[in-house]
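Build out the structure end to end from the sequences listed, making use of the hints.
These protein sequences, in sequence, are chains A and B. For the record, in the first sequence the residue sitting at position 92 is 92 according to this note's numbering, with numbers rising by one throughout. For the record, in the second sequence the residue sitting at position 223 is 223 according to this note's numbering, with numbers rising by one throughout.
Some hints here could point you the wrong way.
Because identical chains cannot be distinguished in the list, a pair is counted as satisfied if it fits within a single copy or across any two copies.
[What the hints assert, rightly or not] List time: in silico SDA-like cross-link candidates among lysine to any residue, alpha-carbon distance up to 25 Å: (1) Lys107 to Val171; (2) Lys28 to Ser38; (3) Lys143 to Gly264; (4) Lys277 to Glu209; (5) Lys143 to Ile210; (6) Lys143 to Gly73; (7) Lys277 to Asp208; (8) Lys277 to Val230; (9) Lys143 to Ser200; (10) Lys128 to Gln278; (11) Lys143 to Ser177.
If you are wondering where the hints come from, they were derived from the structure by calculation, not from laboratory data. Computed from a prediction, not measured in an experiment: that's the story for all the values here.
There are 2 protein chains.
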Amino acid sequence: MINKLCIIGVGLIGGSLSRALRKQGYCKHVTGCSRDASHLQRAVELGVIDDYDTDITKAVQGADMIVVAVPLGAMQAVFTAMRPALAEHVVITDVGSSKASVVEAAKAGLVERYQDFVPGHPIAGTEKSGVEASFSELFLQRKVILTPIAETRPEAVEAVRTMWQTAGAEVVALEVSHHDDVLAATSHLPHVLAFTLVESMAQMGDRDEIFQYAAGGFRDFTRIASSDPVMWADICLANHDALLAAVTGFQADLDKLHSAIERGDRQALMDLFTRAKQARDRYAEGQTEQ
Amino acid sequence: MINKLCIIGVGLIGGSLSRALRKQGYCKHVTGCSRDASHLQRAVELGVIDDYDTDITKAVQGADMIVVAVPLGAMQAVFTAMRPALAEHVVITDVGSSKASVVEAAKAGLVERYQDFVPGHPIAGTEKSGVEASFSELFLQRKVILTPIAETRPEAVEAVRTMWQTAGAEVVALEVSHHDDVLAATSHLPHVLAFTLVESMAQMGDRDEIFQYAAGGFRDFTRIASSDPVMWADICLANHDALLAAVTGFQADLDKLHSAIERGDRQALMDLFTRAKQARDRYAEGQTEQ
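Shown next, in the form of structure tokens:
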């Protein structure tokens, strides 16, 4: 049970977490914080938070749980600003898509309070953003990855684990760098490919005509290109090394495909497509297709 | 109204077309044809066709409409085999995803009967294949592109247009090479990227673990990698030139992205992602998201 939950950045993720926890009666009071009072006012009207403060030192006062759900580029400033106002037994966590950069930001910003911080990442979201898009079921049966490091208090990890489980998620623990490698492959690479494909097509001749002939496969394939550009630019910078390795690996595979098409190598194409279909079908078996 | 419709290749597309036309009462009799009698027997049991013959010269006998729905690599052999058995007033069309190669195959296989052939391509489908996956609504509000050439009889074009409209589709006409360029960009490129991404990921360390952390965006992005490998190897060979140009263009754009990530150029990333999001959102406005 949380007495005062403080959510910094009340968007799709922060808003959905608040909705889920309130639905379960798991927190008495939720205070929102961000730089934009009109967004926070809207979150109050939507019943997502109880009240808000745009001053971070006031917003975190007396909170026993703080969830930082701001873009990666803003993390360190948020940690630095909250540090002097933290309650004694507070637990702090975040929802950033890249963990090494957040760990670094938390160390620099929280200093001696770093032990109260649990790096976290819910593997959930949609291509939409903002509190209007938030809903309490977002985390149901989704994975939340926690990447505690040596200094992290075990009770803080337990508190964050219980919070996410209450929101309906399955919580797993990974090493920081392993998280970043896996997410670069499964999430960050597909997003940059989708953005690049749409960019590539938008440059071709009459783009309205081109998009007009796109079918369902294209719609699904490019849905993630509607994601928030600021958030994704931040992720590219924050998870720089792992993403660059994933992009480089993909480029090598695409070069192989290019030359298989160029030399008309039917067998090579069949082999590649068959392996990929098998891997994708096996993956889909464990998922609920919608 | 069609007296005898002959569908060669009774899979997702051929089966769905037959279902749609029968539902509208638009054809008196549907004969299926393929090399596999057990598939055809299944199609009869499902009520998709009335009867079948694995001998193409018998199957097309007396047909006033023939729809060739076989993989691109099999087209020419099918055209060659049917030619001696064609009825006088028959109209022939196909559903291939690449048109220049089909036009060539039809010229070589149909010879003097080439004037009765209307190259066609329904922009519809799912990642599933086979007659079991067919359904009568597949073409509702979908585009069907016809690419008639100089020799094609105008009445043949009209007959094919009316057939697809009866199945619920919107019929448009394009030049052969323009069709192939547009489809390379909107369909063939996304498919080979999805196959390549899954292949790329399947090679990384423990692939089951990697796929385990994939979220909804990945699922949507890679759905088309579950498509039929034979069909897609054929498309890569058949639409060789246009696809190679599209892949090359994408590689250049991906190189630019790679170097923007490498040098940590936030502005370049923001610009690219913002342009892509705008183009994708504008495209989505005209579509029904599911």
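Okay, the hints, checked on the actual structure:
Proximity of Lys107 to Val171 under the C-alpha cut-off of 25 Å is restricted to the intra-copy arrangement: shortest distance 23 Å within a copy versus 61 Å between copies. Only within a single protomer do Lys28 and Ser38 lie at most 25 Å apart by alpha-carbon distance; the minimum there is 23 Å, versus 64 Å between protomers. For the identical chains of this complex, Lys143 and Gly264 are neighbours neither inside a copy (42 Å) nor across copies (29 Å), given an alpha-carbon limit of 25 Å. With identical chains, the CA atoms of Lys277 and Glu209 are at most 25 Å apart between copies only, with a shortest distance of 17 Å across copies and 30 Å within one.
Taking CA atoms no more than 25 Å apart as the test, Lys143 paired with Ile210 passes between copies only; the shortest distance there is 13 Å, against 37 Å inside one copy. For the identical chains of this complex, Lys143 and Gly73 are intra-copy neighbours only, at 24 Å inside a copy versus 43 Å across copies, given an alpha-carbon limit of 25 Å. With identical chains, the CA atoms of Lys277 and Asp208 are at most 25 Å apart between copies only, with a shortest distance of 14 Å across copies and 31 Å within one. For a Cα distance limit of 25 Å, the shortest separation of Lys277 from Val230 across copies, 11 Å, qualifies, whereas the shortest one inside one copy, 33 Å, does not.
When the C-alpha separation of Lys143 and Ser200 is checked against a cutoff of 25 Å, the pair qualifies only between copies, where the shortest distance is 23 Å, while the shortest distance within a copy is 33 Å. For the identical chains of this complex, Lys128 and Gln278 are inter-copy neighbours only, at 13 Å across copies versus 30 Å inside a copy, given an alpha-carbon limit of 25 Å. In this homomeric assembly, Lys143 and Ser177 come within 25 Å of each other (Cα to Cα) only inside a single copy, at 17 Å, whereas the closest approach across copies is 46 Å.
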